[in-house]
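*Asks:* Please arrange chain Y on chain A, whose structure you already have, making use of the hints.
Protein chains: 2
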Amino acid sequence: MATFNNNVPTKFPKLDPKGPAGDIVLAAERAKATFNTQELTKFMYGEEWLDRFSRVLEVIENEPAFDKSNRYYQGRNERVADAFKKDKRMVELAREKKWTDVDSQIANFLYDQSSPFSLHSGMFLPTLKNQTTDEQKKLFLEPALKHQIIGCYAQTELGHGSNVQGLETTATYINETNEFEIHSPTLTSSKWWIGGLGKAANHAIVMARLILNGKDFGPHPFCVQIRSLEDHRPLKGITVGDIGPKFGFNTVDNGFIMFDHYRIPHISFLARYAQVKQGTGEYVRPPNAKLSYGTMVFVRANIVMGVRFALAKAATIAIRYSAVRNQFVDAANPRKWENKVVETAVLDYTMQQYRMLPIIAQAYACFFTGREMLRLYNENQANMNAGNFTLLADLHASSSGLKSLCTTMAVQGIEDCRRACGGHGYSMFSGLGSFYQDYLPNVTWEGDNYVLTQQTARYLGKQFRSVAANKTKESDMNFTSGYLYEYLQNPNSKCPAVEAADFMNPEVLLNAFRFRAASMTQKLVHQLDNQGKSWNSMTVEIARVSKAHTQLVLLSNFISGLQAARSDLSSSTMQALRNMALLFGSHTLEQELADFLVSQYLSPDQAGMVKDLTLDLLSKVRPDAVALVDAFALPDYYLHSALGRYDGKVYESMTEMAEQEPLNHKLVTDSYEECIKPLVHAGKAEGRWKGEGMQAKL
Amino acid sequence: MATFNNNVPTKFPKLDPKGPAGDIVLAAERAKATFNTQELTKFMYGEEWLDRFSRVLEVIENEPAFDKSNRYYQGRNERVADAFKKDKRMVELAREKKWTDVDSQIANFLYDQSSPFSLHSGMFLPTLKNQTTDEQKKLFLEPALKHQIIGCYAQTELGHGSNVQGLETTATYINETNEFEIHSPTLTSSKWWIGGLGKAANHAIVMARLILNGKDFGPHPFCVQIRSLEDHRPLKGITVGDIGPKFGFNTVDNGFIMFDHYRIPHISFLARYAQVKQGTGEYVRPPNAKLSYGTMVFVRANIVMGVRFALAKAATIAIRYSAVRNQFVDAANPRKWENKVVETAVLDYTMQQYRMLPIIAQAYACFFTGREMLRLYNENQANMNAGNFTLLADLHASSSGLKSLCTTMAVQGIEDCRRACGGHGYSMFSGLGSFYQDYLPNVTWEGDNYVLTQQTARYLGKQFRSVAANKTKESDMNFTSGYLYEYLQNPNSKCPAVEAADFMNPEVLLNAFRFRAASMTQKLVHQLDNQGKSWNSMTVEIARVSKAHTQLVLLSNFISGLQAARSDLSSSTMQALRNMALLFGSHTLEQELADFLVSQYLSPDQAGMVKDLTLDLLSKVRPDAVALVDAFALPDYYLHSALGRYDGKVYESMTEMAEQEPLNHKLVTDSYEECIKPLVHAGKAEGRWKGEGMQAKL
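As given, the protein sequences belong to chains A and Y, one line each in that order.
Position 624 of the first sequence, counting from 1, maps to 623 under numbering that gives the first Met the number 0, and the rest follow consecutively.
Position 24 of the second sequence, counting from 1, maps to 23 under numbering that gives the first Met the number 0, and the rest follow consecutively.
Bear in mind the hints are in silico, worked out from the structure with no lab data behind them.
Possibly wrong hints are sitting among the right ones.
Copies of the same chain look alike in the list, so a pair counts if it fits in one copy or across any two.
Cross-link-like lysine-lysine pairs, in silico, DSS-like; alpha carbons within 27 Å at most [unchecked claim]:
1) Lys10 with Lys67
2) Lys610 with Lys493
3) Lys235 with Lys13
4) Lys522 with Lys493
5) Lys676 with Lys136
6) Lys136 with Lys276
7) Lys145 with Lys97
8) Lys136 with Lys610
9) Lys128 with Lys472
10) Lys676 with Lys137
11) Lys67 with Lys96
12) Lys67 with Lys84
Here chain A stands alone, though its shape is the one from the complex (with noise of 0.2 Å):
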């Protein structure tokens, strides 16, 4: 062992980075902006909410159980724990300080990490609140609004997700006894992935098979017992765990379950909507589903909200570290600081601008469409409770696809941010690594991002069929049979552009995306009803069509969101959002221009256009890129990135996040005793050194 001190901190000497230091430069790089960051701030979130955020932020930050800095050391279980601890103690905060939803959405929102009790928020009490009966109300909500039960959503199985339909795990009626017998007939059966039932949860609203006198209903769900309130241990019957570790997530309990012809007494069906009566199991169905399509439609567009948040926290960390990285002296170019030649920011790259700046116009896209969406969703909630569903089907068709386009978007735009800052993107410290783990689940979870395009897509061809057919009465035309009608009305043409400038022209621009997904659709109807394919066959298109619409979706709310803000915004900041919107028309145009070609709708030349268009656009948006980032006004607190500091002191950060390394606590590891001195000390045994090693023989 150690015959010396070997519990030495590490600690780097009092140095300064080689300039230009990091926080001149982005005040620089503030000073240059086009526009006022505050005002585009205030026009995303409003006042109101911006004070809430402000106040939260402040109770947060000074939490010891919200502290961030062990974050990137921990192993599962301490961080588990931490987790619990923070979940106890938001409980207490929100009664504290009297916190509202919102309030305390803002609170996790900047936590940014999932916990054990997240599913409880997220799925049991919504459930609870929109599935019970009164009765059950009284019994399941009232104690859970208290966190005096905690509960999970178990629905997904071993050995089935997507197809809900498929699920194994039964509930039978037993007449006799007015109860239900829940049972995993078999390993596939378990459920599988429950966030806050491994540990946490002594509730869970369990998905099985209705079966009543011997007939199967399908999926129901159950709001069952599965810990006792006494001392937490699972009941008997139930066999219940966490899953092990995971891609990330690995702060929450993902569990499974297993039933073991478990009892549970009537009350627990929930019943607000289909019945099961007492002693006879007579099945009462429920009303029309499409009320439950709504939900979802807002689900969808707040995660199309939480999409904006992905892509401007990745960009404003790949962004600003950019603005403080230098790298390589551009010979062609050479950049003077203090009258010196100094090496070139990576920020002023061409290559590092189009892996970025684009990102940042998905970000302010996301933003516009999010909006829109959440709009719609209250008009047609109004609409349907007046009984008029005309805009629910074009709703979820176009939130379907926006769910798996934006998703996607936003992991690869987290990911290509992280490769953005090279070596060090590679650093826990950067943020964006578990931020890439943590967000990812968002692909496959709501509906997995290729399944959920053929929703969109059977919308389209549903729509097209009835426009190409002259079914669609003019009252009844909404966006998407809108241009398809369009569309239809002359599908030879060809777009005008002569020049790149043309492309400025939004107008232009939206007729490509018009055009594109209108013609996409034909083809696909016309190979499906003309040529026989079979729906499997095509599925690879069909992930095409939905995005070719998706996008134009996009596109068209940022250019009607910007045109509805001209009375709100200056012209400086209505500028420079205009530029966000050309640059996200262009770049996507690019990045799809084989749809585009083959369409020929666009010219060879005319994609060489909108390839100059983007490059000259990413040297307008260029001098705003920082302010375009600080204008989502994502705190320091919520980034935990030594690389996005609002400060730009990455290196001095870096440092001080490796001086906590808890490898550092100890000069010499504990494995050099059993691991390296047998190997070395063979050396001296040779009599190659003696003493402290060989310089000293030198």
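*Replies:* The following block gives chain Y in isolation, referenced to the frame of chain A:
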């Protein structure tokens, strides 16, 4: 505290998964393959290597230090400690078993996780072998080969990665004492990311700016002792430690080091090439530096071969699981199993095939190109030793593009396979999450993948200018100038295909790739030379041109490799590989369609044919899917995946691995008393329940 026995291990009930059972399904898949798997395996690896592989596998599968069963559950400290044990045992095993370098490489490949000593073998030893004098070999290399000294390679700094010329660490020669003084002048000059430096190494190759008599000669390598050989303490003047947690590679102690006027003897300067005269500090220039380009080609050929394994591993897991996993009944084409309609295997969905089968084709493409690169490397080394450098430039340029393209493709392929596994792809038990994390740095290190494309494009431009000016002699024509020349003979030619089947002719596909790469090169040169565009402003297009050339290289090597193998392979195996080559070409063309359309070699109608061909090839390849991944012969020990097991026992394996999750070692979580009980028992205080819970009350 718990008043019951809390240490009850979690055990799943002994139930079978819902059928069809995984082992039977995979056996059926194997039975329907159209070719002999073992024949293909032997073709790729050779019997000698396969024997070696089995021998080494048998040894390490039975070595506790090589056990993988804890891998997915451990925190970083435990993982690093285990990695040290494996390193120590590896040194012993190599001695005990008299392993050759190849045997050790196989062992490390199978263990599939870098460790503190990895860079000792990977960079420290090769540098000492190549860059030292005989005296230095005796002093450094001899003990290093015996692990009596343990080293690392310290090049990158906190502020400099890609730009080696920008490194800040200095090594100033002190004429009076015949020493060098190594010094870190700023915070950013700290060496950073150095594998093995954090805790393991006692020596480092340090790249530092050589300063002689006040003049800066740029970065040069020094072999520097950094820790005591007696007790492993860092030596005076040195600050060294671990850089902290990373996205992956957390079994490696990537480190930092700073030097405070640290003196080392003259012998530390690696003097095989450049030299510093003792006493005077006179610099003796090194001979031709071109030789080192050869080594780079070798490293990159191995990276491409590594991509083959990476894609093969990911595809093996995803394909086997997709054969076993069922989801939805395909109503249009219901699957029968033992006379009952069962859910369809996800591998039978077109979209799933489209997501995965091209990845297998990419793996085979990388095999053929990697093999060809190694052949060319050997030919070139022999040539260079004879003073002939004609092969070098083309080989180096292609190798840059290949490293860039193939590693990007690998990362994408791993992640696509992970997503294609649905929810369970996100579990660490899939084996794909940690693999992705550890593989990811390949896109950044050994040349950032974007920066590298500039090397390829620069060479293409040079060749194009020479060919266009008729300056390339026929005897000097190589692969690249050959296709550029061909293009210039007929720059307006069109693809002759009139139906999808025409693209089944490899020459038709190849010609399209040739035309595309050549026309893009021409356009790039035109913009640079005639339109006055700057290199920086063209970097986006430059990356595209490099990709176009490199994809052509991959396809071309695939097809010519197959032609050359005609006599070694049975016709059925040949046919299976031919399908792979066509799928690789057709799918790549489809992914890059815009380039082909812009070049106007392909028409929009022909684009449709290529899409049809791809779908057609997917169904041709489908019956061989499992056999094609089996042929890579990756053992379960290597895959360490619940989803990818050879026997298809996916669900049995998922549940067994979940039983091992440390959170399941206790029935009730340690967080219960502090974080759950106070909340839940408040309900008891309110009289809501007694005893075990609400159910007792009902």
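*Asks:* State for each hint whether it applies.
*Replies:* Going through the hints against the structure:
| no. | hint | in the structure |
| --- | --- | --- |
| 1 | Lys10 with Lys67 | within (21 Å within a copy, 35 Å between copies) |
| 2 | Lys610 with Lys493 | both (18 Å within a copy, 24 Å between copies) |
| 3 | Lys235 with Lys13 | between (61 Å within a copy, 17 Å between copies) |
| 4 | Lys522 with Lys493 | both (17 Å within a copy, 25 Å between copies) |
| 5 | Lys676 with Lys136 | between (66 Å within a copy, 22 Å between copies) |
| 6 | Lys136 with Lys276 | within (19 Å within a copy, 88 Å between copies) |
| 7 | Lys145 with Lys97 | within (13 Å within a copy, 67 Å between copies) |
| 8 | Lys136 with Lys610 | neither (58 Å within a copy, 55 Å between copies) |
| 9 | Lys128 with Lys472 | neither (39 Å within a copy, 81 Å between copies) |
| 10 | Lys676 with Lys137 | between (67 Å within a copy, 21 Å between copies) |
| 11 | Lys67 with Lys96 | within (21 Å within a copy, 48 Å between copies) |
| 12 | Lys67 with Lys84 | within (13 Å within a copy, 32 Å between copies) |
In the structure shown, a violation is registered for the earlier hints numbered 8, 9, in ascending order.
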